[in-house]
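Participant: Sequence:
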Amino acid sequence: MSAPDPVDGLGDAARPGSGEVTATVIVNAPAERVFAAFLNWEKQSDWIPFTKVRVVRGDGGEGSLVEAVTALGPAVLRDEMQVVKINAPYELRVVHCGKVLQGPGTMRCTAMSGDRTQVVMHEWFHLPAGPVGKLAWPVLWPGSKLSLTGALKKFGRLVEEGKLP
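First residue of the sequence shown: 733, per the numbering used here; consecutive thereafter.
No lab work stands behind these hints: they were computed from the structure.
C-beta atoms are modelled at their ideal positions from N, C-alpha and C, and glycine is treated no differently.
Each hint should be verified, as a subset may be incorrect.
[Unchecked claim] Across the chosen pairs, the derived CB separations fall in these ranges:
(1) 889 <-> 795: 18 to 26 Å
(2) 741 <-> 844: 17 to 25 Å
(3) 831 <-> 793: 18 to 26 Å
(4) 808 <-> 885: 18 to 26 Å
[To be verified] In silico DSS-like cross-links for lysine-lysine, where the CA-CA straight-line distance does not exceed 27 Å:
(5) 877 <-> 831
(6) 895 <-> 817
(7) 784 <-> 817
(8) 784 <-> 877
(9) 817 <-> 775
(10) 831 <-> 895
(11) 895 <-> 877
(12) 775 <-> 895
Use the sequences and the hints to build the structure in full.
Facilitator: Quick look at the structure:
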């Protein structure tokens, strides 16, 4: 008998959706430091705009449930993620499993020469609202891409300045 798959019980949320976003940044720090900074869940609130991040269940490692609540004025978006794989210092995999945001996501760190690290975040969201969501995605995608890229750039600056982890 084999161990259960970490995405068991997550149903459709574990499958890639049609809303895909990728962002990349180069950080002037070793991969181990960059990865540790990324896994400091609560500190993600320092670099993701308008968002508070916390571990709801577990210790932040595999099997943990992490919540990110983004509030802009009266609009609030609650994102729940289950941590399904950690391969430090190279890869983190989550599954967004909330009511609105669903789908897998990865963060990969690739060590480069000169103690630099390439960070790539990739998300595959299930688009809400069926066909309407699919029609709206081309309009929403540029904002999602800019937002994710901007957050990653701020993350990189904070790591380089020694403010993370």
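Participant: State for each hint whether it applies.
Facilitator: Quick rundown of the hints versus the structure:
1. 889 <-> 795: 18 to 26 Å: 31 Å, violated
2. 741 <-> 844: 17 to 25 Å: For residue 844 against residue 741, whose Cβ atoms are near 37 Å apart, the range 17 to 25 Å is violated.
3. 831 <-> 793: 18 to 26 Å: About 24 Å separates the Cβ atoms of residue 831 and residue 793, which means 18 to 26 Å holds.
4. 808 <-> 885: 18 to 26 Å: 25 Å, holds
5. 877 <-> 831: 22 Å, holds
6. 895 <-> 817: Holds. Residue 895 to residue 817 sits at ~26 Å (cutoff 27 Å).
7. 784 <-> 817: Satisfied, since the Cα-Cα distance of roughly 22 Å is no more than 27 Å.
8. 784 <-> 877: 20 Å, holds
9. 817 <-> 775: Given pair residue 817, residue 775 holds - Cα atoms ~20 Å apart, limit 27 Å.
10. 831 <-> 895: 33 Å, violated
11. 895 <-> 877: Roughly 25 Å separates the two Cα atoms, so the pair holds.
12. 775 <-> 895: 10 Å, holds
Hint compliance for this structure: hints 1, 2, 10 are broken, all remaining hints hold.
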